[in-house]
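Trainee: The lines below spell out each chain.
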Amino acid sequence: NAGVMQNPRHLVRRRGQEARLRCSPMKGHSHVYWYRQLPEEGLKFMVYLQKENIIDESGMPKERFSAEFPKEGPSILRIQQVVRGDSAAYFCASSGLGTENTEAFFGQGTRLTVV
Amino acid sequence: KNQVEQSPQSLIILEGKNCTLQCNYTVSPFSNLRWYKQDTGRGPVSLTIMTFSENTKSNGRYTATLDADTKQSSLHITASQLSDSASYICVVSARGSYKLIFGSGTRLLVRP
Numbered sequence: 001n002a003g004v005m006q007n008p009r010h011l012v013r014r015r016g017q018e019a020r021l022r023c024s025p026m027k028g029h030s031h032v033y034w035y036r037q038l039p040e041e042g043l044k045f046m047v048y049l050q051k052e053n054i055i056d057e058s059g060m061p062k063e064r065f066s067a068e069f070p071k072e073g074p075s076i077l078r079i080q081q082v083v084r085g086d087s088a089a090y091f092c093a094s095s096g097l098g099t100e101n102t103e104a105f106f107g108q109g110t111r112l113t114v115v
Numbered sequence: 001k002n003q004v005e006q007s008p009q010s011l012i013i014l015e016g017k018n019c020t021l022q023c024n025y026t027v028s029p030f031s032n033l034r035w036y037k038q039d040t041g042r043g044p045v046s047l048t049i050m051t052f053s054e055n056t057k058s059n060g061r062y063t064a065t066l067d068a069d070t071k072q073s074s075l076h077i078t079a080s081q082l083s084d085s086a087s088y089i090c091v092v093s094a095r096g097s098y099k100l101i102f103g104s105g106t107r108l109l110v111r112p
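If you read the protein sequences in the order shown, they are chains H and Y.
In terms of my numbering, the first sequence opens at residue 1 and continues consecutively.
In terms of my numbering, the second sequence opens at residue 1 and continues consecutively.
Derived by calculation from the structure, the hints in this document are not laboratory data.
Just so you know, not all the hints are guaranteed correct.
Said to hold, decoys possible - In silico contact screen, one side only, chain H against chain Y (beta carbon under 7 Å); selected entries:
| hint | residue |
| --- | --- |
| 1 | L43 |
| 2 | Y48 |
| 3 | E52 |
| 4 | P61 |
| 5 | F65 |
| 6 | S66 |
| 7 | G73 |
| 8 | S87 |
| 9 | F91 |
| 10 | F106 |
| 11 | G109 |
Stated by the list, open to error - From chain Y, some residues computed to sit far from chain H (all C-beta separations above 12 Å):
| hint | residue |
| --- | --- |
| 12 | V4 |
| 13 | R34 |
| 14 | G41 |
| 15 | D69 |
| 16 | R95 |
Claimed, not checked - In silico lysine-lysine, DSS-like type, Cα no more than 25 Å apart, as pairs:
| hint | chain 1 | residue 1 | chain 2 | residue 2 |
| --- | --- | --- | --- | --- |
| 17 | Y | K1 | H | K44 |
| 18 | H | K27 | H | K62 |
| 19 | Y | K57 | H | K62 |
| 20 | H | K27 | H | K51 |
| 21 | H | K51 | H | K71 |
| 22 | Y | K99 | H | K44 |
| 23 | H | K71 | Y | K99 |
| 24 | H | K62 | Y | K1 |
| 25 | Y | K99 | Y | K17 |
| 26 | H | K44 | H | K62 |
| 27 | Y | K71 | Y | K99 |
| 28 | Y | K57 | H | K51 |
| 29 | Y | K71 | Y | K57 |
| 30 | H | K44 | Y | K71 |
| 31 | Y | K99 | H | K27 |
| 32 | Y | K57 | Y | K17 |
| 33 | Y | K57 | Y | K99 |
| 34 | Y | K1 | Y | K99 |
All C-beta atoms in this analysis are idealised placements derived from N, C-alpha and C, irrespective of residue type, glycine included.
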């Protein structure tokens, strides 16, 4: 019974390239959340998705960042034209319900390094 | 502004000793408070979750307390083990919101 699966675990990109981060939620979960953790800081909310819908993307930078959660397959966080400041750990969490008291389970994260 | 502050930033204790970590929050209206453990290079793992009406919750050697009036929480670790070395993160949710508001964590190092 796999938990939240993220891949790759580590990703190195040169400035200007695209980064694609994938997240497969726990079985039976249809709510996915992406968080970003900058070095020495707490996790910060980026986006909340349900199957085929973006519910809240208020934490996403306005440019270069996008997220999707298709009917089939994992959720994807896409960063275009990466810059050094995008270097961070990106965590995905999933839950069975979207209510505020629901347990959210986190993946191991993808560590993006932009060189 | 909704914020979660933790203290101390880091802590070193000897194996077998107890310790207490602190969390203050300004999130309003309050819904619930969670404590997570995050090992280096891993994702956060939930230890406890408490709603407004709960003032203590235990999970093995971990005991969390909540004072919703003073907006403070603590995490007490009993008889520490080397495997307790990790970051402990206080996370708060506002009522009606699914967003988790994270503190910066307390880095605990347990030495033999």
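Trainee: Does each hint hold? Answer for all of them.
Mentor: Verification of the hints:
For L43 (chain H), the interface hint holds, the least distance from its beta-carbon to any beta-carbon of chain Y being 4 Å, beneath 7 Å. Checking Y48 (chain H) against chain Y: minimum C-beta separation of about 6 Å stays under 7 Å; hint holds. Interface restraint check for E52 (chain H): the shortest CB-CB distance to chain Y comes to about 18 Å, outside 7 Å, so the restraint is violated. Of the supplied interface hints, the one on P61 (chain H) is violated, with its beta-carbon coming no nearer than about 16 Å to a beta-carbon of chain Y, more than 7 Å.
Given hint, F65 (chain H) at the interface with chain Y, is violated; its Cβ is 17 Å from that chain's nearest Cβ, farther than 7 Å. Using the Cβ-Cβ criterion of 7 Å, the hint placing S66 (chain H) at the interface with chain Y is not satisfied: the shortest such distance is roughly 19 Å. Checking G73 (chain H) against chain Y by beta carbon gives a least distance of about 21 Å; that is not within 7 Å, so the hint is violated. Hint on S87 (chain H) is violated. Least Cβ distance to chain Y is approximately 15 Å, over the 7 Å limit.
Using the Cβ-Cβ criterion of 7 Å, the hint placing F91 (chain H) at the interface with chain Y is satisfied: the shortest such distance is roughly 6 Å. For F106 (chain H), the interface hint holds, the least distance from its beta-carbon to any beta-carbon of chain Y being 4 Å, beneath 7 Å. The interface hint given for G109 (chain H) is met, as the beta carbon of that residue sits about 5 Å from the closest beta carbon of chain Y, less than 7 Å. Distance check for V4 (chain Y) against chain H: the nearest CB is about 7 Å away, which does not clear 12 Å, and the non-interface claim fails.
A beta-carbon of chain H is positioned within 12 Å of the beta-carbon of R34 (chain Y); the least distance is around 9 Å. At roughly 8 Å from the closest C-beta of chain H, the C-beta of G41 (chain Y) falls inside 12 Å, breaking its exclusion from the interface. For D69 (chain Y), the requirement that its beta carbon stay farther than 12 Å from each beta carbon of chain H is met, with the minimum near 20 Å. For R95 (chain Y), the requirement that its beta carbon stay farther than 12 Å from each beta carbon of chain H is not met, with the minimum near 7 Å.
Using a Cα cut-off of 25 Å, the hinted pair K1 (chain Y) and K44 (chain H) holds, with the two alpha carbons roughly 14 Å apart. Proposed proximity of K27 (chain H) and K62 (chain H) is contradicted: the alpha carbons are some 31 Å apart, above 25 Å. Proposed proximity of K57 (chain Y) and K62 (chain H) is contradicted: the alpha carbons are some 40 Å apart, above 25 Å. For the given pair, K27 (chain H) sits about 13 Å from K51 (chain H) by alpha-carbon distance, which is consistent with the 25 Å threshold.
The straight-line distance between the Cα atoms of K51 (chain H) and K71 (chain H) is roughly 6 Å, inside the 25 Å bound, and the hint therefore holds. Note on K99 (chain Y) and K44 (chain H): the hinted pairing holds, with a Cα-Cα distance of about 9 Å set against a maximum of 25 Å. Pair hint K71 (chain H) plus K99 (chain Y) holds up; C-alpha atoms about 23 Å apart against a cutoff of 25 Å. With a CA separation close to 21 Å, the supplied pair K62 (chain H) and K1 (chain Y) stays within the 25 Å bound.
The straight-line distance between the Cα atoms of K99 (chain Y) and K17 (chain Y) is roughly 35 Å, outside the 25 Å bound, and the hint therefore fails. The suggested pairing of K44 (chain H) with K62 (chain H) holds, with an alpha-carbon distance near 15 Å, which does not exceed 25 Å. Taking the CA atoms of K71 (chain Y) and K99 (chain Y), the gap is near 18 Å; set against the 25 Å cutoff, the hint holds. At most 25 Å may separate the alpha-carbon atoms for a hinted pair to count; K57 (chain Y) and K51 (chain H) exceed this at roughly 34 Å.
Straight-line distance between C-alpha atoms of K71 (chain Y) and K57 (chain Y) comes to about 16 Å, which keeps the hinted pair within the 25 Å bound. Between K44 (chain H) and K71 (chain Y) the alpha-carbon distance is near 21 Å, which keeps this suggested pair within the 25 Å criterion. For the given pair, K99 (chain Y) sits about 21 Å from K27 (chain H) by alpha-carbon distance, which is consistent with the 25 Å threshold. Distance hint between K57 (chain Y) and K17 (chain Y) is fulfilled; the C-alpha atoms sit about 20 Å from each other, no more than 25 Å.
For the proposed pair K57 (chain Y) and K99 (chain Y), the alpha carbon gap of about 22 Å is at most 25 Å, so the pair holds. A C-alpha spacing of about 14 Å is found between K1 (chain Y) and K99 (chain Y), which places the hinted pair at or below 25 Å, so the restraint holds.
Consistency with the previously given hints fails for numbers 3, 4, 5, 6, 7, 8, 12, 13, 14, 16, 18, 19, 25, 28, ordered from lowest to highest.
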